[in-house]
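Each chain, written out:
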Amino acid sequence: MKPEINKSMIYDRQLRLWGDQGQNSLETANICLLNATVSGTESLKNLILPGIGKFTIVDDKKVTGSDVGSNFFLTIDQIGQSRAKCVTELLKNLNEFVEADYLEKDPVFLINENDKFFSQFNVIIASNMQEKELIKLNKICSNENIILVSLKTNGLFGILRSYVPEHTIIDAHPENVTDYRLDRPFQGLIDYCKSFDFSEMTIVEHSHMPFIVILYQCLEEFKSKHDGKMPSSYSERNELKEIIKSLRLNNDEENFDEAEKSIFKACKPTIIPSQLKEMFCDIKCSNINENSSNFWIIINAFADFAERHNCLPHSGIIPDMKSDTEKYVELQNIYRKKFQEDFYEIRQKVNTTLAQINRPIESIKDEQIITMIKNGSDLRIIRYRTLEDEFINQPNVSLIAQSLNEEFNNMVYYLLFRAVDHFYETHYRYPGVDNDSLDNDLELLKKSVEVITSQYSIDYSLIPEEAMQEIVRAGMSEIHTVSSLVGALVSQEILKLVTCQYTPMNNTCIFNGIQTTTTSYDL
Amino acid sequence: MKDWNDRWSNINKYLDRSGPYTDPGFKPGEQVKSFLHEECKVLVIGAGGLGCELLKNLAMMGFKDIHVIDMDTIDVSNLNRQFLFRPEDINKSKAIAAAEFITKRVPGVKVTPYFGKIQDKDEEYYSQFKIIICGLDSVEARRWINATLVNLADMDYPETIKPLIDGGTEGFKGQARVILPGITACYECSLDMHTKPVSYPMCTIANTPRIPEHCIEYASVVEFPKAFPDRKVDTDSVEDLTWIYQCALNRANQFNIEGVTYQLTQGVVKHIIPSIASTNAIIAAACANEAFKIATNCTSYLNNYFMYMGDNGIYTHTFELDKKDNCPVCGFEQIQMTINPKLKLKDFIQMLMDKPNISIKKPSLATPSKALYMQAPKNLEMATRPNLEKTLDELVDESEEVVVTDPSLPISMHIGFTYSLDEKIVDDVVNA
Ligand SMILES: [Zn+2]
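Residue numbers (UniProt numbering), protein chains in the order written: chain A, 1 to 523; chain B, 1 to 432.
I should point out that these hints are in silico values taken from the structure, not numbers from a laboratory.
Just so you know, not all the hints are guaranteed correct.
[Said to hold, decoys possible] One side only, chain B facing chain A, incomplete, derived with CB under 7 Å:
#: 1; residue: Ala277
#: 2; residue: Ala285
#: 3; residue: Gln375
#: 4; residue: Ala376
Note that beta-carbon positions come from the ideal geometry of N, C-alpha and C, so glycine has one too.
Required output: the full structure, derived from the provided sequences and hints.
Structural data, given as structure tokens:
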């Protein structure tokens with residue numbers, strides 16, 4: 001008997017990372033791959049397995065013997081057939097829940113002649129495309145609000161570049177979040193912490209009092225001696241430590257160990273993180289209208305909350321700590337109650353806003369607000385630079401120049417990828433492809449490198465001759481391991497961009513398969 | 001079969017041409033190609049998330065004689081990343097299914113599966129391979145193969161030094177490393193780098209549960225054995241997990257603890273590590289890339305550790321991990337411990353089991369003159385058991401060396417004592 005299979009069983013190991021919300025986003029992803037190169041194919045593989053909604057491959061090439069030698073999703077009997085069709089067929093077998101399609105067309109043609117084609121997708125993976133077309137594609141993506149990740153490999157080297165008009169991170173999955181609010185305790189917390197008298201406790205009670213209560217009472221004592229101020233220096237924190245120590249009954253009280261260990265975090269003032277302050281000042285936050293996204297409507301409610309309370313809503317989360325069950329649960333409920341009150345305020349504000357812009361209240365679900373409250377201090381937006389800015393309008397010359405001066409830097413290979421593109425634009429072929437013209441290609445590549453370095457007014461001699469030789473040697477080969485690795489980096493970035501969880505790379509990453517290193521640059 | 005035209009045109013760019021960063025000993029051309037395709041027999045340990053990727057990568061990189069070992073069968077939860085398996089393969093051997101798939105897909109590549117444990121095989125078996133690549137999720141299996149390969153390596157016979165390439169992943173993070181047994185840092189040298197799985201103190205789960213995990217742990221380690229005294233929890237059985245879940249839920253309700261779910265129960269009881277295709281692909285590709293570079297010498301290879309973190313941007317760190325002189329596997333020096341002579345032998349043994357850089361499950365201890373405590377055979381265990389209650393200074397002179405062994409690992413650890421009454425009797429590590 002075949003065991004019954006459902007999605008949640010297949011996806012169990014990934015749901016533990018991004019949950020149902022992330023999975024739902026993933027299942028709405030409609031992804032287009034331009035050129036079924038090895039790296040492009042591999043990147044799709046790692047997205048089909050976790051269950052995107054649909055993929056479409058655009059490629060006008062016919063399968064060659066070399067393709068079959070390096071692409072696992074092609075077979076020898078397919079030589080001469082459409083590469084888009086063949087790769088699609090084998091990839092689609094990976095997951096029956098994913099829709100598959102292909103188009104036997106040259107992506108360059110579509111970009112130049114039929115840009116409307118792309119508006120059906122929300123992610124485009126552009127494999128092995130030239131700068132000129134990437135710039136055009138980037139414009140399409142910024143108009144249509146599409147995620148664009150381009151990638152290229154050349155032998156043991158690879159590069160990927162992400163672009164999103166505006167990416168919002170709603171769940172960065174930070175480790176160890178602590179928000180005790182001991183510098184500005186709310187009434188429920190004050191009442192609870194004050195209700196205990198350490199001098200009246202049994203030994204067992206004493207050693208099971210949650211450290212938050214200990215810290216609260218010790219801070220009160222500290223503040224009474226310091227004009228109501230919290231400890232702000234090393235010596236003052238030490239003084240607090242002494243107060244805590246004096247309350248101990250013995251050295252085995254783990255709750256007191258926890259209290260001492262938490263001094264630094266507890267004394268850090270509750271603030272509104274700078275990236276949230278920036279968001280509050282953003283025009284998209286202040287100017288809410290019919291076109292505003294749910295994210296900005298909720299941020300607007302956060303700003304409103306922050307104005308009134310000078311802090312973010314509380315997540316309601318506290319870590320596990322030494323305590324008996326009863327007190328831990330009580331304390332947890334106190335923070336949860338605070339969260340519920342804060343949530344209610346945010347929800348009310350969101351509802352008012354929605355009414356003003358004539359949208360139904362259900363258009364923003366409670367879960368979305370809750371997720372954002374729970375991740376309040378880690379919410380972020382990233383506005384990626386366009387490729388036109390990177391290549392033409394505002395190249396990041398200072399970063400490039402500075403990186404080139406570092407030992408073993410990978411910036412060299414960024415410039416070499418650009419030089420290889422320039423080589424192709426000039427000679428309609430790639431350097432090092434043909435065994436007979438290696439020396440000649442090296443000389444021609446040097447000329448292209450000179451053109452690129454002069455664009456940045458960078459000293460040509462900063463590009464080592466060895467690196468250029470290595471690029472000619474690579475001869476635009478698709479080395480399966482490198483293609484697989486770079487493709488997988490692309491998959492991983494797309495997972496983060498589509499789910500709005502974890503923190504994506506911004507905006508370029510180089511992989512060096514000789515040194516086995518990567519470097520990310522904001523270019 | 002004969003390779004079709006242009007089959008290897010991609011990798012041949014590197015095998016027909018030398019490069020500026022290539023070892024001067026590298027000779028491009030037919031010899032290196034035929035070594036790669038005809039002679040370089042490799043072993044992949046593990047046919048799971050990393051293993052499937054490794055097999056694909058090695059086959060596409062020109063390795064044609066590949067062996068694979070895995071003792072597991074295919075589970076439905078493997079299908080989100082172990083892309084050589086389909087729903088109809090569930091319950092089949094991973095090694096056999098993966099080998100069949102690759103052999104069928106990639107012409108001329110022979111994958112030989114072994115459905116069983118790595119411990120079933122002896123030194124002679126491991127000696128036949130040029131490179132061994134591990135994609136395992138178990139620390140114990142890695143320690144075993146690492147120690148076996150270090151024991152195999154004889155510095156006077158370079159062919160006995162089998163490069164071990166080891167990959168591991170967890171969620172968005174992973175690492176790949178190259179171990180040259182006896183030459184570079186070995187797996188055991190860096191044992192303390194691995195975080196131990198979370199465990200909860202018994203007194204907490206029994207008396208003061210606070211979080212859902214405490215209730216689940218209590219249900220599985222206290223209540224289950226009470227209800228079913230004659231058997232262990234079968235973590236693959238839905239009935240057992242449902243029983244534990246129900247039991248944990250009752251306990252949680254009794255204590256007003258929220259958050260016990262079936263999914264969490266599975267996670268806690270089975271120690272599930274979240275796992276996705278892309279991370280496995282990144283790490284397996286890094287491992288196979290090093291295998292290709294080591295096999296062909298076409299360019300320098302990793303020395304010796306590559307760490308990847310993808311949850312916050314793309315962050316990687318490539319560095320050389322140092323070999324430890326007092327590594328119990330590849331080192332030659334004693335491990336020095338300052339210890340309270342009044343510590344009882346049983347507490348000392350507990351300490352050895354908990355120390356992150358030692359961490360052995362069933363230690364047997366002896367000095368050159370006598371057995372202190374032996375796990376087996378039974379009569380020796382009985383004879384040495386009374387020693388457990390004795391203090392160290394009753395049993396061992398400060399000048400004596402204590403040798404620690406474990407029946408499940410080919411390791412012997414040499415420990416030298418310095419006695420000091422200032423040392424704590426109960427080590428903090430135990431309760432951390
Ligand atoms: Zn070692």
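The hints, checked one at a time:
1. Ala277: holds (4 Å)
2. Ala285: holds (4 Å)
3. Gln375: violated (32 Å)
4. Ala376: violated (37 Å)
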